[in-house]
Amino acid sequence: MSTINWLFEINFAVFSIFLALFLTELMGGVLLLLAYDRAKPKVLPYIVPIWEVTGTFAAFWVVTSDFAYPNMLIPVASLFGGLIVVFLILIVARNASISFAELITKRGWVDERKLYQAYGLATLLIGVVVLVALSAIVSGAGVDLSNLSFSLGGWIGNAGSALYVLGAVVIAVGLAPVFYAFEPLRRLTLPVTAVGVLIEAGALYLYASSFLSASFLIPAVLTLLPALLFQSPRTAPIVSHKLVFAVVAVAIIFSLSYLVYPTAFNGGITVDSVTTSGPMVGAFYILSIAGAVFIGLLMALYLTAVQRSMRTPASPSPSPAPAAPTSPNP
Amino acid sequence: MSIPMVDFDRFLFAFTIGSHILLVSLSIGLAIMICAVEFLSARSKDKYYGALARRLVRPFVVSFGIGTASGIVMAVELVNLFPGFMTLVSKTGVISIFYVEIFAFFLETVFLVVYVYYGRFFHGRYTRWLLTLPIVIGTLLSAVLIVMVNAWMNTPNGFDISTYLATGAVTGVDPWAPFLTPSTGYEVFHVLATVPLTGIMMIGGFFAYRYHKSSHPDERTLFLKGLRITVALSLVLVVLSVLSGILQIENLYQYQPLKYAAMELNVNPGTNLPENLFGWLNGTTVVGAIQIPGLQGILSNHANVPGLSQYPSSDWPPLIIHDTFDTMVVLGVLLGLFLFGYAGLWVLKRRPFDRRFLAWGFVVFTVVTTLVMELGWMTDELGRQPWIVYNVMTVSQAASNNSDLFYPGLVIIAAYIFLVPFTFWFMARVFRSKAIEVDLAGPSEGTDVNY
Chain A
1 MSTINWLFEI NFAVFSIFLA LFLTELMGGV LLLLAYDRAK PKVLPYIVPI WEVTGTFAAF
61 WVVTSDFAYP NMLIPVASLF GGLIVVFLIL IVARNASISF AELITKRGWV DERKLYQAYG
121 LATLLIGVVV LVALSAIVSG AGVDLSNLSF SLGGWIGNAG SALYVLGAVV IAVGLAPVFY
181 AFEPLRRLTL PVTAVGVLIE AGALYLYASS FLSASFLIPA VLTLLPALLF QSPRTAPIVS
241 HKLVFAVVAV AIIFSLSYLV YPTAFNGGIT VDSVTTSGPM VGAFYILSIA GAVFIGLLMA
301 LYLTAVQRSM RTPASPSPSP APAAPTSPNP
Chain B
331 MSIPMVDFDR FLFAFTIGSH ILLVSLSIGL AIMICAVEFL SARSKDKYYG ALARRLVRPF
391 VVSFGIGTAS GIVMAVELVN LFPGFMTLVS KTGVISIFYV EIFAFFLETV FLVVYVYYGR
451 FFHGRYTRWL LTLPIVIGTL LSAVLIVMVN AWMNTPNGFD ISTYLATGAV TGVDPWAPFL
511 TPSTGYEVFH VLATVPLTGI MMIGGFFAYR YHKSSHPDER TLFLKGLRIT VALSLVLVVL
571 SVLSGILQIE NLYQYQPLKY AAMELNVNPG TNLPENLFGW LNGTTVVGAI QIPGLQGILS
631 NHANVPGLSQ YPSSDWPPLI IHDTFDTMVV LGVLLGLFLF GYAGLWVLKR RPFDRRFLAW
691 GFVVFTVVTT LVMELGWMTD ELGRQPWIVY NVMTVSQAAS NNSDLFYPGL VIIAAYIFLV
751 PFTFWFMARV FRSKAIEVDL AGPSEGTDVN Y
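Residue numbers (my numbering), protein chains in the order written: chain A, 1 to 330; chain B, 331 to 781.
Careful: at least some of the hints might be erroneous.
Stated by the list, open to error - Pair ranges (Cβ atoms, derived):
(1) B:Leu460 with A:Glu9: 33 to 43 angstroms
(2) B:Thr501 with A:Leu297: 55 to 65 angstroms
(3) A:Arg311 with B:Pro512: 31 to 41 angstroms
(4) A:Leu148 with B:Arg762: 49 to 59 angstroms
(5) B:His453 with A:Gly282: 42 to 52 angstroms
(6) B:Asp645 with A:Asp144: 32 to 42 angstroms
(7) B:Pro512 with A:Asp144: 54 to 64 angstroms
(8) A:Gly282 with B:Val694: 50 to 60 angstroms
Quick caveat, the hints were computed from the structure, so don't treat them as lab data.
Glycine residues also receive a C-beta, built at the ideal position from the N, C-alpha and C atoms.
The shape of chain A in the complex, shown without the other chains (with noise of 0.2 angstroms):
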């Protein structure tokens, strides 16, 4: 009877949560690329206040990687070195154009549409080199396990490869409207999803055939239900409430992960067998449930915060207080 590694379970629902929130950020930046001026109001009031708290959920990730799996950093680093080094410099592109945009007041060359869309397009970058290495990870595209080395010839080379990223694309591209609301694009949503998890599907099937299996059901499903709903006026305001497409998201994610247990790279690497061991999986397990705990409670007072922004007036100016003294020194 096999038992569940549960340093797996925790460390891949960490990445499906990450991921999921990234994902919407993708969206949201596709939107903004595309129609700027139509997408801004739908997709700005979402992605201005989530960007930071996605960027936590990827150092969270990035921890309980460097926890779960301590003989794959080695690895890690020799296989997707220079990927990881291009992910970061994005990173930075990423966090640095929104920042500047939330309060930018110049109107010039440089002004608040131009750096949004920056970070659309450096979000999108981050989401095809993520993709790039999950399927890598998958499939071992381009990877050399003995030599410990990663060809990008060697993975564009695998005809699954573009596949996975299309579908991936195709299918961000076809739930954007639904998670943001866009009416405009109602109808397309269904059959654009649809295609997308076709390609998926071919994807995997080029991989490995033993991957298009019946587990691959259940995140097809969960993918082509939301658009499926979105085209109801009665259920598309469901499915398109954010926390309810999230919820969503991270468990379509999370039931890809028969994709990479009990063994990634395309039976490469079984996970079991370079998990943590010994008084570190206690004290994993400890630090996740109470970590849990606290992050459950931090999200409840956010969504609080959201709550109460949608029925609570803002706070009116005070009244003008008595200024103090101005004298320049006491």
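Once you have looked at the hints, place chain B on chain A.
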């Protein structure tokens, strides 16, 4: 001439962290200042404190955004550049510290988001101030936890070191021991004093400059009030910095004796040794130093302190740490004298804020404080060389030596060279992006953010 990859890795990480701590110091300073002015605003209902809080929040959002990116860069660089080190970290309780660090980061992030973007929906005089408290706790806790990691690198514990050195196997792991190494308390105390001091001084220097530059009476009042807070906080912090620094010295000669000997340029061990100010080693003789008889004895409580001759010269760290340490101490003393002189004039009602040369002095000492912090960090890190984990793992053993990282690493360096000064410039701009009348009028319908 080719540079060994390990040296490039070392330089890249040092450059990244050296830049990162500038942003972090200012972030911590801003968080403390925002908390202080929100409290004063709630207590006094003085509109200038409210306006000051609204102005300080804008640069804080920028520093947080860039600081977060920089933090992620460092976290990932550690894995990428020094995978051997991170493997050891991940097999011992040090990774638990990083894990807790993430929760501190969440605390800071979520309360920052609530305070900045939704704070106007929370009514009550003290509610907004209460929202800022966890931000301060989160930022300080992040700093404390990172320093705990550094303390472990200086005085490692929590696993069987002798077995590791003999076999490379990590055994006898105590997942919680690295939270408290022999140097943790001392390092944490010192960093909790010096890093906020740097951030507060940066803000104070800006206020002092703007106070003299501005001709608008309301703006001058605002800067004056801000300047008084920064002077008061800096005074407390500079005293704590000196106290914690002296305690650090005591801890160093006990637990990192070679680093201590190099910092003090002690050739031979002994008691009541003179303090060597600057100078260098010529063979086995110290030359060119200004010697202060007995001072080292007083600072070390007349203990028997170590000397370089007790160790093979191949183990010595770069002796430049003697100069970085002395420069740090001399500049730190000058900073303390300046702050006490400034405060003395304030107490004597001699109007230090109005004196132009003192305003410029404040700006100069802002740079000095930053330099002192960087020199302190350099002394600590260079003093541990060639070890990344003292007496356990060298930097060479830890490094990836992956030559693929050279050109992307150069891009990261170039990005920081542009980004850090630009970020500081941008923060200064957004601080005053709205007219003083607008900021004094109180919160608007929306936030100050473009969306």
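Starting from the range 32 to 42 angstroms, see whether the pair Asp645 of chain B and Asp144 of chain A falls in it by beta-carbon distance.
-> holds, 39 angstroms
Given the hint of 54 to 64 angstroms, check if Pro512 of chain B and Asp144 of chain A actually sit that far apart at their C-beta atoms.
-> The hinted range 54 to 64 angstroms is violated for Pro512 of chain B and Asp144 of chain A, with Cβ atoms some 44 angstroms apart.
Is the distance from the Cβ of Thr501 of chain B to the Cβ of Leu297 of chain A consistent with 55 to 65 angstroms?
-> Roughly 37 angstroms apart at Cβ, these two residues miss the hinted range, so it is violated.
Range hint 42 to 52 angstroms: satisfied by the CB atoms of His453 of chain B and Gly282 of chain A?
-> holds, 45 angstroms
With respect to the beta-carbon atoms only, verify the hint that Arg311 of chain A and Pro512 of chain B lie 31 to 41 angstroms apart.
-> Given about 54 angstroms between the Cβ atoms, the range is violated.
Consistency of beta-carbon spacing, Glu9 of chain A to Leu460 of chain B, with hint 33 to 43 angstroms | Cβ of Leu460 of chain B to Cβ of Glu9 of chain A: about 36 angstroms, so the range 33 to 43 angstroms holds.
With respect to the beta-carbon atoms only, verify the hint that Gly282 of chain A and Val694 of chain B lie 50 to 60 angstroms apart.
-> holds, 53 angstroms
Could you see if the CB distance from Leu148 of chain A to Arg762 of chain B stays within 49 to 59 angstroms?
-> holds, 52 angstroms
Of the numbered hints listed earlier, those contradicted by the structure are 2, 3 and 7.
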